[in-house]
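Colleague: Chains as they are written, first to last, in the numbering used here: chain A, 61 to 294; chain B, 61 to 294.
If you are wondering where the hints come from, they were derived from the structure by calculation, not from laboratory data.
Given the structure is predicted, the values throughout are model-derived calculations rather than measurements.
One or more hints might be untrue.
When chains are identical, the list treats them as one kind, so a pair holds in a single copy or across two.
[Said to hold, decoys possible] The calculated lysine to aspartate or glutamate pairs, modelled on DMTMM-like cross-linking and capped at a C-alpha distance of 25 Å, are:
| id | residue 1 | residue 2 |
| --- | --- | --- |
| 1 | K236 | E159 |
| 2 | K174 | E159 |
| 3 | K199 | E188 |
| 4 | K221 | E284 |
| 5 | K199 | D175 |
| 6 | K174 | D147 |
| 7 | K161 | E182 |
| 8 | K174 | D142 |
| 9 | K161 | E284 |
| 10 | K199 | E173 |
| 11 | K100 | D142 |
| 12 | K157 | D227 |
| 13 | K199 | E143 |
| 14 | K100 | E143 |
| 15 | K216 | D147 |
| 16 | K236 | D73 |
| 17 | K206 | E188 |
| 18 | K221 | D283 |
| 19 | K157 | D175 |
| 20 | K199 | D277 |
| 21 | K241 | E74 |
| 22 | K236 | E253 |
Protein chains: 2
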Amino acid sequence: MRTLIIISHPDVDESSSQQFLLQSISHLSSDQVTVHLLEKTYPDGVIDFEKEQALLRLHDRILFQFPFYWYSSPPMLKKWQDEVLTDHFAFGYRGNKLEGKELGLVLSIGLAEKDYQAGGQEGFSISELTRPYQAVAKKTGMTYLKPLAVFQFPYKNEAEKMRLLIDYQQYVTLSKPDSLKYREEWLVKALAETSEETLPGENVAFVIDQVIERVEDNRMELDELRMHIDNYHD
Amino acid sequence: MRTLIIISHPDVDESSSQQFLLQSISHLSSDQVTVHLLEKTYPDGVIDFEKEQALLRLHDRILFQFPFYWYSSPPMLKKWQDEVLTDHFAFGYRGNKLEGKELGLVLSIGLAEKDYQAGGQEGFSISELTRPYQAVAKKTGMTYLKPLAVFQFPYKNEAEKMRLLIDYQQYVTLSKPDSLKYREEWLVKALAETSEETLPGENVAFVIDQVIERVEDNRMELDELRMHIDNYHD
Numbered sequence: 061m062r063t064l065i066i067i068s069h070p071d072v073d074e075s076s077s078q079q080f081l082l083q084s085i086s087h088l089s090s091d092q093v094t095v096h097l098l099e100k101t102y103p104d105g106v107i108d109f110e111k112e113q114a115l116l117r118l119h120d121r122i123l124f125q126f127p128f129y130w131y132s133s134p135p136m137l138k139k140w141q142d143e144v145l146t147d148h149f150a151f152g153y154r155g156n157k158l159e160g161k162e163l164g165l166v167l168s169i170g171l172a173e174k175d176y177q178a179g180g181q182e183g184f185s186i187s188e189l190t191r192p193y194q195a196v197a198k199k200t201g202m203t204y205l206k207p208l209a210v211f212q213f214p215y216k217n218e219a220e221k222m223r224l225l226i227d228y229q230q231y232v233t234l235s236k237p238d239s240l241k242y243r244e245e246w247l248v249k250a251l252a253e254t255s256e257e258t259l260p261g262e263n264v265a266f267v268i269d270q271v272i273e274r275v276e277d278n279r280m281e282l283d284e285l286r287m288h289i290d291n292y293h294d
Numbered sequence: 061m062r063t064l065i066i067i068s069h070p071d072v073d074e075s076s077s078q079q080f081l082l083q084s085i086s087h088l089s090s091d092q093v094t095v096h097l098l099e100k101t102y103p104d105g106v107i108d109f110e111k112e113q114a115l116l117r118l119h120d121r122i123l124f125q126f127p128f129y130w131y132s133s134p135p136m137l138k139k140w141q142d143e144v145l146t147d148h149f150a151f152g153y154r155g156n157k158l159e160g161k162e163l164g165l166v167l168s169i170g171l172a173e174k175d176y177q178a179g180g181q182e183g184f185s186i187s188e189l190t191r192p193y194q195a196v197a198k199k200t201g202m203t204y205l206k207p208l209a210v211f212q213f214p215y216k217n218e219a220e221k222m223r224l225l226i227d228y229q230q231y232v233t234l235s236k237p238d239s240l241k242y243r244e245e246w247l248v249k250a251l252a253e254t255s256e257e258t259l260p261g262e263n264v265a266f267v268i269d270q271v272i273e274r275v276e277d278n279r280m281e282l283d284e285l286r287m288h289i290d291n292y293h294d
């Protein structure tokens with residue numbers, strides 16, 4: 061699976077959250093992921109729509125990554141949508157070039173998650189406010205992924221940042237990023253690849269082995285439970 | 061009441077619906093309405109946010125008028141939002157400069173109204189897809205008006221265009237554009253001002269008088285019904 065991350069940000073170099081996200085996937089190969097910074101690629105704002113359409117065809121998962129200003133993307137991404145997602149390409153007669161691909165959102169948001177609900181400060185949920193993107197996925201025949209919303213990045217502690225790093229890597233690379241089973245397998249694989257050289261501290265190898273064993277035990281228990289439930293239904 | 065119509069369109073001169081809407085309010089005075097064409101005012105895309113904020117302060121009703129491409133505005137209006145609706149002006153500490161004003165949308169839409177519902181071609185309603193603008197109104201303390209959606213303008217017949225002309229004039233000028241009573245009063249006044257000179261055909265004055273009489277009779281009947289209902293509740 062190849063993922064295209066389309067980033068729109070008026071000043072990506074100065075954004076701590078964008079830089080953190082970029083760094084956390086910098087080890088991935090170009091076979092896995094393409095990072096595409098719109099404002100840097102087109103500083104004059106003139107988009108090469110044929111090049112963009114060719115890029116889209118090469119990838120299976122398309123992510124729109126941007127700060128959620130006024131409940132939508134920066135203007136550059138909207139310009140991209142209007143000029144690249146054309147009739148006969150993305151919709152309409154023979155406009156099936158995006159069909160079957162996935163569309164996801166990576167949103168950086170200044171307020172807290174609790175503010176986005178009825179009665180909260182913003183009054184509406186992220187699901188409601190991102191409906192236009194869900195409609196884009198529907199119109200183009202793409203599968204809409206559950207958005208990855210990064211709330212209040214500057215206030216995150218180290219543990220929360222590590223959690224975000226894993227969530228983001230999985231959102232970019234995992235074939236089913238919303239499945240517990242797939243996320244477990246991914247974690248076991250990532251842990252197995254971790255070695256004493258890449259991590260500081262004593263007894264690291266032992267700790268990692270213990271964590272892997274625990275995750276695998278949990279999975280066996282969950283699988284057994286599922287088996288019981290399936291038998292019950294038969 | 062003064063209304064500011066902020067129009068965003070990549071090519072407003074070539075848009076038949078935008079030209080129709082502009083013509084239908086061309087008789088209104090500058091005390092009543094200001095038409096503000098964003099792309100023409102800022103051809104280089106550089107927005108004078110202080111001038112824009114001063115313009116907003118001068119008006120009571122703000123309308124965003126644009127083609128509903130990909131379920132949102134053209135990029136220029138989003139740029140305007142991001143740069144003009146700043147902290148301490150539109151929200152945040154002392155950011156109450158738009159409080160109590162009204163925010164409305166005038167959307168030109170290529171498909172039919174029936175396509176915008178669950179199970180329809182687009183899958184989501186206009187209310188759902190315009191949630192981000194409703195959230196802007198909430199955040200800035202503005203009253204959100206029911207959007208005026210113009211579906212499939214090129215397919216409209218003359219009667220439908222006349223209906224749109226009245227709806228749009230009322231949306232721009234009427235203090236309560238959604239109230240039947242106010243719309244009736246507006247219509248009676250507009251008809252009374254109509255004369256044989258401005259309309260072709262024979263017996264025009266007589267026909268207009270008849271229409272006014274009919275509308276006023278209807279209103280009296282509705283008022284009587286309301287009185288009965290009120291008595292019933294007492």
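Colleague: Please go over all the hints and tell whether each is borne out by the structure.
Modeller: Evaluation of the provided hints:
Taking the closest pair of Cα atoms, K236 and E159 come within 25 Å of each other only inside a single copy of the chain (17 Å); across copies the shortest separation is 45 Å, beyond that limit. Only between protomers do K174 and E159 lie at most 25 Å apart by alpha-carbon distance; the minimum there is 24 Å, versus 34 Å within a single protomer. With identical chains, the CA atoms of K199 and E188 are at most 25 Å apart both within one copy (17 Å) and between copies (15 Å). Neither within a single protomer nor between protomers do K221 and E284 lie at most 25 Å apart by alpha-carbon distance, with minima of 33 Å and 66 Å respectively.
Proximity of K199 and D175 under a CA criterion of 25 Å is satisfied inter-copy only: 12 Å between copies versus 30 Å inside one chain copy. Taking the shortest Cα distances, K174 and D147 sit within 25 Å of each other only across copies (21 Å), while inside one copy they are farther apart (39 Å). Only between protomers do K161 and E182 lie at most 25 Å apart by alpha-carbon distance; the minimum there is 18 Å, versus 32 Å within a single protomer. Taking the shortest alpha-carbon separations for K174 and D142, only the inter-copy value of 23 Å comes in at or below 25 Å, while the best intra-copy value is 32 Å.
In the homo-oligomer, the alpha carbons of K161 and E284 never lie at most 25 Å apart, since the shortest distance is 33 Å inside one protomer and 60 Å across protomers. Within a single copy, K199 and E173 get their C-alpha atoms only as close as 28 Å, which misses the 25 Å cut-off; across copies the closest is 16 Å, which meets it. Proximity of K100 to D142 under the C-alpha cut-off of 25 Å is found in both arrangements, the shortest distances being 19 Å within a copy and 19 Å between copies. Taking the closest pair of Cα atoms, K157 and D227 never come within 25 Å of each other, the shortest separation being 28 Å inside a single copy and 40 Å across copies.
In this assembly of identical chains, the alpha carbons of K199 and E143 lie at most 25 Å apart only when taken from the same copy (16 Å versus 30 Å across copies). Taking the shortest Cα distances, K100 and E143 sit within 25 Å of each other both inside one copy (17 Å) and across copies (20 Å). In this assembly of identical chains, the alpha carbons of K216 and D147 lie at most 25 Å apart only when taken from different copies (23 Å versus 42 Å within one copy). Neither within a single protomer nor between protomers do K236 and D73 lie at most 25 Å apart by alpha-carbon distance, with minima of 30 Å and 47 Å respectively.
When the C-alpha separation of K206 and E188 is checked against a cutoff of 25 Å, the pair qualifies both within a copy, at 12 Å, and between copies, at 18 Å. Taking identical chains as interchangeable, the C-alpha atoms of K221 and D283 are never at most 25 Å apart, the minima being 30 Å within one chain and 63 Å between chains. In the homo-oligomer, the alpha carbons of K157 and D175 lie at most 25 Å apart only across protomers (22 Å), although the nearest pairing inside one protomer, at 37 Å, exceeds that limit. When the C-alpha separation of K199 and D277 is checked against a cutoff of 25 Å, the pair qualifies neither within a copy, at 42 Å, nor between copies, at 48 Å.
For a Cα distance limit of 25 Å, the shortest separation of K241 from E74 qualifies neither inside one copy, at 36 Å, nor across copies, at 54 Å. Taking the shortest alpha-carbon separations for K236 and E253, only the intra-copy value of 21 Å comes in at or below 25 Å, while the best inter-copy value is 66 Å.
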